[in-house]
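The lines below spell out each chain.
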Amino acid sequence: MAYQINVQYCVGCQACYRACPFGAVELVDPHYQQVAEGAPVTDSHSCYINPKKCKECGFCVIECPVDVISLVDENGAPKERPHYNRIWIEEAECIGCTKCARNCPVDAISGEKKNPFHIDESKCRRCGVCLNDCPKNAVHAE
Amino acid sequence: MLYGYMGKLLFVDLSTGTWEVRPLSEELARNFIGGYGIGAKILYDEMPAHTDVFAPESMLGFMSGPMSASRAFFGGRYMVVSKSPVTGMWNDANSGGYFGAQLRHSGFDGVFVKGISEKPVYLYLNNGEVEIRDASHLWGKRTMEVEAILRDEVGKDMNAAIIGPAGENLSHMACVMNDEHRAAGRGGTGAVMGSKKLKAVVVRGDQEVPIYNKEKLVALNRQVADDMLHGSNKEVRDWGNWGTPGQMKAMLLIDDAGVKNWSSTYEGAYPLEKGDAIYEPAYEQGYKAKRYICHCCPLGCGATYEINDPKGKLPKKGASRPEYESQAGLSSNVLNSDRDTVVYINYLTNEYGFDAIAFINTLSWALECYEKGVLTREQLNGIDLRWGDPQALQAVAEAMCNYEGEIGRILTHGTQYAADLLGKGHEYLFTIGGIESALHDPRNSPWYLIEGAIEPTPGRHMKSPLGGSLRGKDKETRYNQRGLGFTAAKLKSENMFSECCCYCHMYDSPIAGLKWDYLEAITGFTYTPMERHMVGMRIFHMRNAFNVREGWKRGDFKFSDKIIGKPPLETGANAGVTHNVDQGIDTFYEAMWLDMDGKPYKETLEWLGGMDEVIADLYGE
Ligand code: SF4
Ligand code: SF4
Ligand code: SF4
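Chains A and B supply the protein sequences, listed in that same order.
Residues 1 to 142, numbered by this note's numbering, are exactly what the first sequence covers, in order.
Residues 143 to 763, numbered by this note's numbering, are exactly what the second sequence covers, in order.
The set of hints was computed from the structure by calculation and includes no laboratory data.
Check before you lean on any hint, since a few could be wrong.
[Stated by the list, open to error] Once the Cα atoms are required to be at most 27 Å apart in a straight line, the calculated DSSO-like pairs of lysine-lysine come out as:
hint, chain 1, residue 1, chain 2, residue 2
1, A, K79, B, K416
2, B, K298, A, K52
3, A, K53, B, K432
4, B, K708, B, K632
5, B, K356, A, K79
6, B, K416, B, K430
7, A, K53, B, K566
8, B, K432, A, K52
9, B, K453, B, K416
10, B, K298, A, K55
11, B, K298, A, K99
12, A, K123, B, K150
13, B, K459, B, K298
14, B, K298, A, K123
15, B, K617, B, K708
16, B, K458, B, K298
17, B, K391, B, K356
18, A, K55, A, K99
19, B, K455, B, K514
20, A, K123, B, K356
[Said to hold, decoys possible] If you want the ones that stay clear, here's a sample from chain A, every Cβ over 10 Å from chain B, calculated:
hint, residue
21, G23
22, E26
23, E37
24, H45
25, P51
26, V66
27, A77
28, R81
29, Y84
30, R86
31, E91
32, A101
33, A108
34, E112
35, K113
[Claimed, not checked] Computed footprint of chain A on chain B; a stretch qualifies when at least three of its residues, placed anywhere within it, have a C-beta under 8 Å from a C-beta of chain A:
hint, region
36, 366 to 374
37, 430 to 436
Yeah, the Cβ is synthetic: ideal placement off N, Cα and C, and Gly gets one too.
All chains should be modelled from the sequences, with the hints used to inform the complete structure.
Spelled out as structure tokens, the structure:
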């Protein structure tokens, strides 16, 4: 599962590339001999999301001027983009492994190792990356 | 609700260290669009007439436009407005990259600065918050170093408009740099920033501009993308691969590129093979080139170089592919064949914050002055500055950047200043109103000269749409001055509108017919065809009125002799021609609703609307 670019309209403007906090977007540019493994073949520059690196934060989606970035499942079938109003960590369930904090693209999660972690709601962009990461399912969303 | 704008303008007084946020009214937005339109209206109203360009009351503005941060294609530019230290009159300069979009994400449509700070400062706009921060540690530093320090200091996601040492030293050629190698270049705008001790404006945030009809905006972008990727505009996109320098040889062939400080043509002094290392595709060989793209651009005409130079002079990182202006100005116009020299000097102008066009013209002027005995070897710090000598060119450029010796004293304010200082060398100037010409020879069409002289910012190739469109045409067409006044006025109006939206109009033909549709999708504003023309006219008139109030009149932006073909060229497409452009200026003024001195008629101002202050100032009511 990952976000994917429909290259029919992708002009390779790199807006998604710049927005991605995880370096999951790769540049494809025949003129400058830039290639990305697994990318569809295009005759001019475009961008490609590496499904192995994409953490599905959706940050790239809002930047795209032609709105061609969407979520797909393992088989490439379109999937609805999840929408969260609030995301929080249940203190009692959290073992303080730090994984969520390390992956949060906006540094909204803080805490001491082996102690419960906490999400700063004013910083959180409700992307849900921490939800997918937590080994104890201590992160909850509504 | 105001769509398409953040709805906020910031006004800062650096003398008192205070600021104020004011709402941006719908009326101002509708009448003046953005960019230098709104900028001119604000400076006209807020800055007293006859203010010295470096006085505390002198104002400097950074403006976005309705396209900025909207994700509209080609909408990535922003504008710097102020007075010009060269002309003493109105100035605007614009630049691409990401600063314009980020300015809006920081919560503001624009920021206007007056006053002079006691010590160096930078402005930090972060999600609607404002801070004036100490910049003592940045003063004296080059632009790219400053940008790197600022990224460490406030976060990687910031953008900054920065001056280099040129701006700090109040050079008349100083520009404002952003995104490492994008420049708001012309007119000496960086000196105004330097005079205020303002090293940078740093913007950061994640606020979004409200879009009136997002679906329509995406649909317009898709239509343009489809045409560029699969349809009739594929060619434009290919063109972007080579960028502006890709046209270098073609410009020589039509005698548009300057040769030997504009005194010759390729046939006369720069045999085509001399530039073999400089034309595309050779200009990239041996460098690792990567595409550079401004915010939401479907073309990506820029490039950056990674260079492995054993001599260690060329920077490993941070050099950009020189644009056409530098490419031609540092090769044919100085008779140079060495590509590394072109890249290196262009890089220096970015690092030190010089307007590359003015800088390279100053080099070519100095070469001719040295050859003709106007400048002595002592005045060139002992450098034997000969045509086409890469080492000498680099040495003089370095000395200009570092304000060394006589070179520093004489050359660092550009050619007009240098000639006035020496009291000689005026016959080798290639200027309108003291502003050096871009590398598109105005002798190719009187319209370049006409548009260059009636413009409130004289001598700008990007504000000469008619002159530009006649490039390469046959002689009768290029030289014709009759009956084109209204065409020129229409193009001028469109040019004003487009720039104030903050469109890049370098390669924007794929959206040429869609600009008003974009504006409607973003702002919800609609205009009748007549109102559209009036918008562009109003913006022109506000800028022009700024100068008229200062006492400017027709003829004050003087042509240098050489730029009108006095003496005429001996070879090429313009051989034997000296231009007299009075007729064209008459027709242009007529069509722009100005009297023959360049002053707006009272009826013009009344008809345009939104010009009450101008009417009061110029007609005493
Ligand atoms: S969804 Fe997030 S991680 Fe995936 S490509 Fe987009 S920005 Fe990168
Ligand atoms: S933002 Fe959209 S158009 Fe731009 S490169 Fe990414 S997918 Fe392509
Ligand atoms: S949902 Fe919030 S806390 Fe979790 S990773 Fe995203 S931004 Fe960080």
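Comparing the hints with the structure gives:
1. As the CA atoms of K79(A) and K416(B) are separated by approximately 59 Å, the hinted pair breaks the 27 Å bound.
2. A hinted pair counts as satisfied when its Cα atoms are at most 27 Å apart, and K298(B) with K52(A) qualifies at roughly 25 Å.
3. Of the supplied pair hints, the one linking K53(A) and K432(B) holds, its CA atoms being roughly 23 Å apart against a limit of 27 Å.
4. Between K708(B) and K632(B), the direct Cα distance comes to roughly 30 Å. Violation of the 27 Å bound is thereby established for this hinted pair.
5. The straight-line distance between the Cα atoms of K356(B) and K79(A) is roughly 22 Å, inside the 27 Å bound, and the hint therefore holds.
6. A hinted pair counts as satisfied when its Cα atoms are at most 27 Å apart, and K416(B) with K430(B) qualifies at roughly 23 Å.
7. Among the hinted pairs, K53(A) with K566(B) is inconsistent with the structure: their alpha-carbon atoms are about 65 Å apart, more than 27 Å.
8. This hinted pair checks out: K432(B) and K52(A) have alpha carbons roughly 25 Å apart, not beyond 27 Å.
9. Restraint check: the Cα-Cα separation between K453(B) and K416(B) comes to about 23 Å, which is no more than 27 Å; the hinted pair holds.
10. Between the alpha carbons of K298(B) and K55(A) the distance comes to roughly 20 Å, so the proposed pair stays at or under 27 Å and holds.
11. Between K298(B) and K99(A) the alpha-carbon distance is near 22 Å, which keeps this suggested pair within the 27 Å criterion.
12. For the proposed pair K123(A) and K150(B), the alpha carbon gap of about 23 Å is at most 27 Å, so the pair holds.
13. Annotation: proposed proximity of K459(B) to K298(B) holds, straight-line Cα distance about 18 Å (limit 27 Å).
14. Under the criterion of a C-alpha separation no larger than 27 Å, the hint pairing K298(B) with K123(A) is consistent with the structure, at around 16 Å.
15. The straight-line distance between the Cα atoms of K617(B) and K708(B) is roughly 18 Å, inside the 27 Å bound, and the hint therefore holds.
16. About 21 Å separates the Cα atoms of K458(B) and K298(B), which keeps this hinted pair within 27 Å; it holds.
17. For the proposed pair K391(B) and K356(B), the alpha carbon gap of about 42 Å is over 27 Å, so the pair is violated.
18. Our distance criterion of 27 Å between C-alpha atoms is met by K55(A) and K99(A), whose separation comes to about 13 Å.
19. For the proposed pair K455(B) and K514(B), the alpha carbon gap of about 31 Å is over 27 Å, so the pair is violated.
20. Taking the CA atoms of K123(A) and K356(B), the gap is about 26 Å. The hint holds against a cut of 27 Å.
21. With a least CB separation of 13 Å from chain B, G23(A) remains clear of the 10 Å interface cut-off, as annotated.
22. Separation of E26(A) from chain B is adequate, the least Cβ-Cβ distance of about 13 Å exceeding the 10 Å criterion.
23. Distance check on E37(A): its Cβ is at least 18 Å (rounded) from any Cβ of chain B, clearing the 10 Å threshold; non-interface status holds.
24. Not every Cβ of chain B is farther than 10 Å from the Cβ of H45(A); the closest lies at roughly 6 Å, contradicting the non-interface assignment.
25. Listed as a non-interface residue, P51(A) keeps its Cβ farther than 10 Å from every Cβ of chain B; the least gap is roughly 23 Å.
26. The Cβ of V66(A) sits about 5 Å from the closest Cβ of chain B, inside the 10 Å cut-off, so the non-interface label is violated.
27. Distance to chain B confirms A77(A) as a non-interface residue, since its nearest Cβ pair spans about 23 Å, more than 10 Å.
28. Residue-level check passed: R81(A) sits 16 Å from the nearest beta carbon of chain B, beyond 10 Å.
29. Every Cβ of chain B is farther than 10 Å from the Cβ of Y84(A); the closest lies at roughly 17 Å, confirming the non-interface assignment.
30. Every CB of chain B is more than 10 Å from the CB of R86(A) (nearest about 18 Å), matching its label as outside the interface.
31. Look at E91(A): its CB is around 28 Å from the nearest CB on chain B, clear of 10 Å, so calling it non-interface holds up.
32. Remark: the non-interface label on A101(A) is consistent with the geometry, its nearest Cβ contact in chain B lying 18 Å away (cut-off 10 Å).
33. No beta-carbon of chain B is positioned within 10 Å of the beta-carbon of A108(A); the least distance is around 13 Å.
34. Look at E112(A): its CB is around 24 Å from the nearest CB on chain B, clear of 10 Å, so calling it non-interface holds up.
35. Non-interface status of K113(A) relative to chain B is upheld: no Cβ of that chain comes within 10 Å, the nearest being about 25 Å off.
36. Using a Cβ-Cβ cut-off of 8 Å, 4 residues of the region 366 to 374 of chain B lie near chain A, which meets the minimum of three, so the contact claim holds.
37. Counting residues of the region 430 to 436 of chain B whose CB falls under 8 Å from any CB of chain A gives 4; the rule of at least 3 is met.
Consistency note: the structure conflicts with the earlier hints numbered 1, 4, 7, 17, 19, 24, 26.
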